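Q: Going line by line, the protein sequences match chains C, F, W and U. Under the working numbering, think of the first position of the first sequence as 2, with each following residue one higher. Under the working numbering, think of the first position of the second sequence as 2, with each following residue one higher. Under the working numbering, think of the first position of the third sequence as 2, with each following residue one higher. Under the working numbering, think of the first position of the fourth sequence as 2, with each following residue one higher.
It is worth saying that the hints were derived from the structure and are not from the lab. Since the model is a prediction, treat every value here as computed from it, not as a measurement. Don't take each hint at face value.
Quick list of the computed label-pair ranges, beta carbon to beta carbon [to be verified]:
id : chain 1 : residue 1 : chain 2 : residue 2 : range
1  : W       : V93       : U       : T39       : 23 to 33 Å
2  : W       : N10       : F       : R37       : 52 to 62 Å
3  : C       : E6        : U       : E120      : 24 to 34 Å
With a cut-off of at most 27 Å between alpha-carbon atoms, the simulated DSSO-like pairs for lysine-lysine come out as follows [what the hints assert, rightly or not]:
id : chain 1 : residue 1 : chain 2 : residue 2
4  : W       : K134      : U       : K86
5  : F       : K101      : W       : K134
6  : U       : K101      : U       : K74
7  : C       : K74       : W       : K134
8  : C       : K134      : U       : K86
9  : F       : K74       : W       : K101
10 : W       : K101      : U       : K86
11 : F       : K7        : F       : K74
12 : W       : K134      : W       : K74
13 : C       : K74       : U       : K7
14 : W       : K86       : W       : K74
With the C-beta cut set under 8 Å, the calculated list includes, among others, these residues of chain W facing chain F [unchecked claim]:
id : residue
15 : S77
16 : V97
17 : E99
18 : L103
19 : R106
20 : H130
We put the CB at the ideal spot given by N, CA and C, even for glycine.
Number of protein chains: 4
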Amino acid sequence: MTNAEKIVNFMFTNDAFSQWLGIERLRVAPGICDLRMTVRNEMLNGFAIAHGGISYSLADTALAFASNAHGLKCYSVETSISHVKPVVEGDVLTTVVEEKSLSRRIGVYHITVFNQNNEAVAFFKGTVHRSEKSWEIA
Amino acid sequence: MTNAEKIVNFMFTNDAFSQWLGIERLRVAPGICDLRMTVRNEMLNGFAIAHGGISYSLADTALAFASNAHGLKCYSVETSISHVKPVVEGDVLTTVVEEKSLSRRIGVYHITVFNQNNEAVAFFKGTVHRSEKSWEIA
Amino acid sequence: MTNAEKIVNFMFTNDAFSQWLGIERLRVAPGICDLRMTVRNEMLNGFAIAHGGISYSLADTALAFASNAHGLKCYSVETSISHVKPVVEGDVLTTVVEEKSLSRRIGVYHITVFNQNNEAVAFFKGTVHRSEKSWEIA
Amino acid sequence: MTNAEKIVNFMFTNDAFSQWLGIERLRVAPGICDLRMTVRNEMLNGFAIAHGGISYSLADTALAFASNAHGLKCYSVETSISHVKPVVEGDVLTTVVEEKSLSRRIGVYHITVFNQNNEAVAFFKGTVHRSEKSWEIA
């Protein structure tokens, strides 16, 4: 395992909510995180589509994994999301992370959530603060 | 029940994810929605704090309920959130909605998420598109 | 001139502030708008770099031109910008617009501002409301 | 002069663009900055209303002054604005800053822009990174 994979493996193993979402890791590297999950009935809202919190949570997990995979502990400081296409039960969502900017203390990420037809369903933007603490995984 | 309460009651009854979150409605009126929920172990992330998606989802439910309570079907077009204080297991979160602007087709909302000590844990901003369709609840 | 160019030509001719900024149009088409401007001394702030409002204004003009170029009158409902690299006097800024989503009433755009070295200096995201009114240019 | 006023005085004296905007300082204190400006013809866009960059720039100046007034050099990392009411020539705009959160390295601010009738015309949200460098003004 690379150091990035070790860090994300440690984070994921302790991330009960990402596990509840059924998130799988397809690829992890510094600044990169491809995830996948399937939308279940209990994730729907009163419009019979996925609650906005589902796509947000998936993208937020991708943000945390991609940014921490560089080795410094990172914390989200601001995130936004535009939901542009309805997500329904059974849809298989994946993430594509673009690291738009990485300075000493700040990282900026665009994360697109796609469905199984390669249609973008949400555009997420996240800014993280990169702390001075390194991940030390045995 | 007021019309606002009828609409939100209908939305909530069909909102499986808000129910999984354990959301309770404290007050609902046009443009207003006070919610409450308790953070459970399965909502935590790899930092042993609530996943960012939890506060987001609570605020997003409040946005949907508050904006739809006016009677027109509303859809989120852009939302953002700043997580400013860690949320831990057992914390009781509540929402306060401020309707900052309401025009014919667009609504803008600030939603603050508080913990049980009245400390703000997240600042959420949501913009909705107000469609031409009215809620018709029997 | 295409209809898109006629609309943007009309908007630009009446846009005193974009003219003050020294904005030139390099390319205009439905959903597309490449602009260029040079940073002057009077655009700097107290850190001797371009005021954040300069990159914002350039990107906001690109948003207005790109979205209106489809033919419907569009109004900004939410915009955000991350300034990731300092801009200094004499820098030549250009915009690249990506139309991420276009539905009947809502458009979502990512606009990147580059300097003369092809370095991204700002990431802008804009959401517009597409009204029912068409542009009618003689 | 307080230290906050000294810092902001230094910033303002060197801020050519804020001076071009005609910004006046009404009140400055740590985390607080009330500003005022009058909208001139050269600030309008092709809709004959103030360009979105004008309200943004005013609020962005308020963000810089309010956050730096604490004594640490601060840099904007993410800002967003919703323009909710048209601004026309002759309007007198003022800012009200709310410091929503201030941690060691991050500050979060809501800034409302009002017109002369006390109507909110724009809602701005800004996140700054507080660097380790202090302002040292003679």
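Q: All the hints need checking, so say for each whether the structure fits it.
A: Going down the list of hints, with the structure as the test:
no.: 1; hint: V93(W) - T39(U): 23 to 33 Å; verdict: 31 Å, holds
no.: 2; hint: N10(W) - R37(F): 52 to 62 Å; verdict: 55 Å, holds
no.: 3; hint: E6(C) - E120(U): 24 to 34 Å; verdict: 54 Å, violated
no.: 4; hint: K134(W) - K86(U); verdict: 18 Å, holds
no.: 5; hint: K101(F) - K134(W); verdict: 26 Å, holds
no.: 6; hint: K101(U) - K74(U); verdict: 18 Å, holds
no.: 7; hint: K74(C) - K134(W); verdict: 49 Å, violated
no.: 8; hint: K134(C) - K86(U); verdict: 45 Å, violated
no.: 9; hint: K74(F) - K101(W); verdict: 24 Å, holds
no.: 10; hint: K101(W) - K86(U); verdict: 26 Å, holds
no.: 11; hint: K7(F) - K74(F); verdict: 13 Å, holds
no.: 12; hint: K134(W) - K74(W); verdict: 6 Å, holds
no.: 13; hint: K74(C) - K7(U); verdict: 36 Å, violated
no.: 14; hint: K86(W) - K74(W); verdict: 33 Å, violated
no.: 15; hint: S77; verdict: 10 Å, violated
no.: 16; hint: V97; verdict: 21 Å, violated
no.: 17; hint: E99; verdict: 16 Å, violated
no.: 18; hint: L103; verdict: 13 Å, violated
no.: 19; hint: R106; verdict: 6 Å, holds
no.: 20; hint: H130; verdict: 6 Å, holds
The structure fails hints 3, 7, 8, 13, 14, 15, 16, 17, 18 (numbered hints given earlier, in ascending order).
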